[in-house]
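Need the complex rebuilt from these two chains, each delivered in its own frame; the hints are there to steer you.
Note that the protein sequences, when read in sequence, are chains A and B.
Heads up: the first sequence begins at 0 in numbering that gives the first Met the number 0, then just goes up one per residue.
Heads up: the second sequence begins at 0 in numbering that gives the first Met the number 0, then just goes up one per residue.
There are no misleading hints in this set.
What follows is a list of derived Cβ distance ranges for each label pair: (1) GLN117/A x LYS101/B: 23 to 29 Å; (2) VAL148/B x ILE212/A: 23 to 29 Å; (3) ILE124/B x ARG76/A: 40 to 46 Å; (4) LYS38/B x GLU121/A: 30 to 36 Å; (5) GLN251/A x CYS165/B: 42 to 48 Å.
What the simulated footprint calls covered on chain B by chain A, stretch by stretch (three residues with Cβ under 8 Å from a Cβ of chain A suffice, anywhere in the stretch; the number is not a length): (6) 67-81; (7) 148-156.
Simulated from the structure, these hints should not be mistaken for lab results.
Remember, predicted model here, so these are calculated numbers, not experimental data.
Glycine included, every Cβ here is placed at the ideal spot set by N, Cα and C.
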Amino acid sequence: MNQQQSNLYRFLVGLGDDAVVLSHRLSEWCSNGPYLEEDIALSNIALDYIGRARMFYQYAVEVEGKGRTEDDIAYLRTEREYTNLLIHELPINDFAFTMVRQFFVDVFYCEYLEKLSQSNDERIAAIAAKAVKESRYHLKRSEPWIRQLSEGTDESRRRIQAALVELENFVGELFIMSDWEKELVAEGVAVDREVLQSGWDKYVQAFLAQSEINFPDSQLQIRGGRDGIHTEHLGHMLSEMQYMQRAYPGLQW
Amino acid sequence: MVASEKSMDIIPTVNPVFAERLAYRKQSRFQQVWDLLDKVYDPELPGLTIWDLGILQDVKKLDNGWQIDITPTYSGCPAVDAINQDVVEVLSNAGFIGVKVKVVLAPAWSTEMVSPAGKKHLRSINIAPPDENDNVDCPVCGSSHTKLVSQFGSTACKALYQCDDCFENFDYFKHF
Chain A
0 MNQQQSNLYR FLVGLGDDAV VLSHRLSEWC SNGPYLEEDI ALSNIALDYI
50 GRARMFYQYA VEVEGKGRTE DDIAYLRTER EYTNLLIHEL PINDFAFTMV
100 RQFFVDVFYC EYLEKLSQSN DERIAAIAAK AVKESRYHLK RSEPWIRQLS
150 EGTDESRRRI QAALVELENF VGELFIMSDW EKELVAEGVA VDREVLQSGW
200 DKYVQAFLAQ SEINFPDSQL QIRGGRDGIH TEHLGHMLSE MQYMQRAYPG
250 LQW
Chain B
0 MVASEKSMDI IPTVNPVFAE RLAYRKQSRF QQVWDLLDKV YDPELPGLTI
50 WDLGILQDVK KLDNGWQIDI TPTYSGCPAV DAINQDVVEV LSNAGFIGVK
100 VKVVLAPAWS TEMVSPAGKK HLRSINIAPP DENDNVDCPV CGSSHTKLVS
150 QFGSTACKAL YQCDDCFENF DYFKHF
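In isolation and in its complexed conformation, chain B is listed as follows (with noise of 0.2 Å):
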């Protein structure tokens, strides 16, 4: 989703943690790899990929393969066993061999991680991007008047919301 990053319709902010993400990928030797791991969903957010999500943090030329530095989003996350499977089979159909995968836990993810492409494809799917004030618009009618209903909802990732104005429950991206 890189080269979108520039032509989005939302307002441009500068997010110095995405920002260094983002120079830190394009002045990376293995565009292809970086290209290719684009095809990694989250098998929880449908359709927002790992880059975008924020936990794809490195890719590393070893000398019999390849190492994938991931992130987790919460600690316990249970969808990382399944995105380190994805990566390997992404990369291994693409004819990388050795390919495997860290997880690491510095740098600490966090919400200033996602892309702004992101934070639109997930207003897209209907769930509230994440905000550092916790200011929740709705992401079905766009009103304010929102309210929490629970801390957590489907994911750990995620708290429970709904819309006073058209009723609607969401799932907020906490901020974290």
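If we strip away everything but chain A, and leave its shape as in the complex, we get (with noise of 0.2 Å):
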């Protein structure tokens, strides 16, 4: 790969790896959601980013052409390969937890994805299309829980705000950019991620207000991610979710 296609495959595994992680930490609620429609909820948005990793990892190995293929991407690495944002692969901790984080990808992605989707590379263009959509509508589910549980009873609103505390040092992360990004917004591929932070503040800020939450600006920043440093708890998810083929190299379904 010359510098350039470089770039591109570690911009577009980072993309995947973020969907990735995610995802599974979400199917981890799956048959431990708080009653059925919410597990089914949580599973569903678990496959939209399944779908997403896919094709960010179909078109990374494409342009890396070695011939490894989107398993060998996400079964095959190692922690320190990953290079996920950390706020993805944080446990799911409570069900407060998982939602002011998904509130709080949604509302980033929900931008992100829009501005990417203007990308000059028209297969990330027609992926960010694609997934923008999805999580517009993950939005619309985020924030009534958020709103519900913030006013709910005392306990639920405690809760979000451990959720709220816990999390605020992790957002800056979603908006620090790497070398390699900033060469790809040069060229119109990838999208100035440090433009969208003040604008995500004031929407999120805006947002918890109506239930006389304060939040503070996205500031203190714990990262790594991108470099493949990460928190303890990536480990452990990996080796859950690579097992199979680990103990079995190369099973397919």
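In structure tokens, the structure reads:
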């Protein structure tokens, strides 16, 4: 791969990793949801993210041109080779935490993918155009949940506020540009994340203010995901997600 | 289902996206292939063809075979693999060789691509068809007094509703 292809590959794998890691976390709710409909809803959102990861990975392996498949990318890379942003990998915790995380990324992806659908790389534009419709629908679902839990019982409000504090420090990384991403922005392929930050802050703050919750600007940044530096949680997650392919190499459905 | 598009007993509405699909199909040189593909159904929507669902996008003749373009409803839709197999099987059984299915992402599928016959069929299997304003009428008793139970139903393309009059739970094929 030349420099340009290498940049594109890393960019695509990063977006794919974001999606597949969050998808696996959401799938952990399957059969554990608070009630049946919610169980099904979270599993369906997980499915949307799996589809998103596949589209990015399929493109990535074509760019790489070594004959690897999307499954090789998902199942045969180690923790340090995964480059997802950290917010996606945090354990599901309680339902409030899962929904606050979902609300945060939904707000982000609605803006980010909308911009990415204008990419001059037609395939990336098509993936983003497809995915942004799904994220808009996810947001329609996460917002009422945040409202309901924030304004519900003392207990549900306490849990929402605890989740906000826990996640506050992981939001900033969504808006940090990697070096390869900067080069791709200059070529019209990628999107400048930094310019989305103030809009995200305003939107989330205004939304939470309706439930009389103050949320600070996303300042503090815990970072490292794009460089393969993760929280202690990702390795455990991958050991479960990759178990079948590691134990039975080449296994297919 | 093309022949029946004109003779339907539902309110005729002009849907430019579907009209464009229909015009494209009608000018194709490969009518026989399109017609054969009317035997391929979505595995999770009994009796709904891939044409009526709107995911069948194009039929192309290649130098050494055929390419059928399919656009998925949702990016993670697990039905796509089964549909691909069915397309290849139907055409191979009819004597076509070298059939392959290409999953295309553009144009992105939308419920505007669902045919009028498809919407009618959805109602007949007690699934409320997509409505651009999300006005959902009960497919069982026709009442407009319905409420959302969950944004996701039995598959990614459906939401779960309940009728306040006949109390039936039913799927709504989401406007998307």
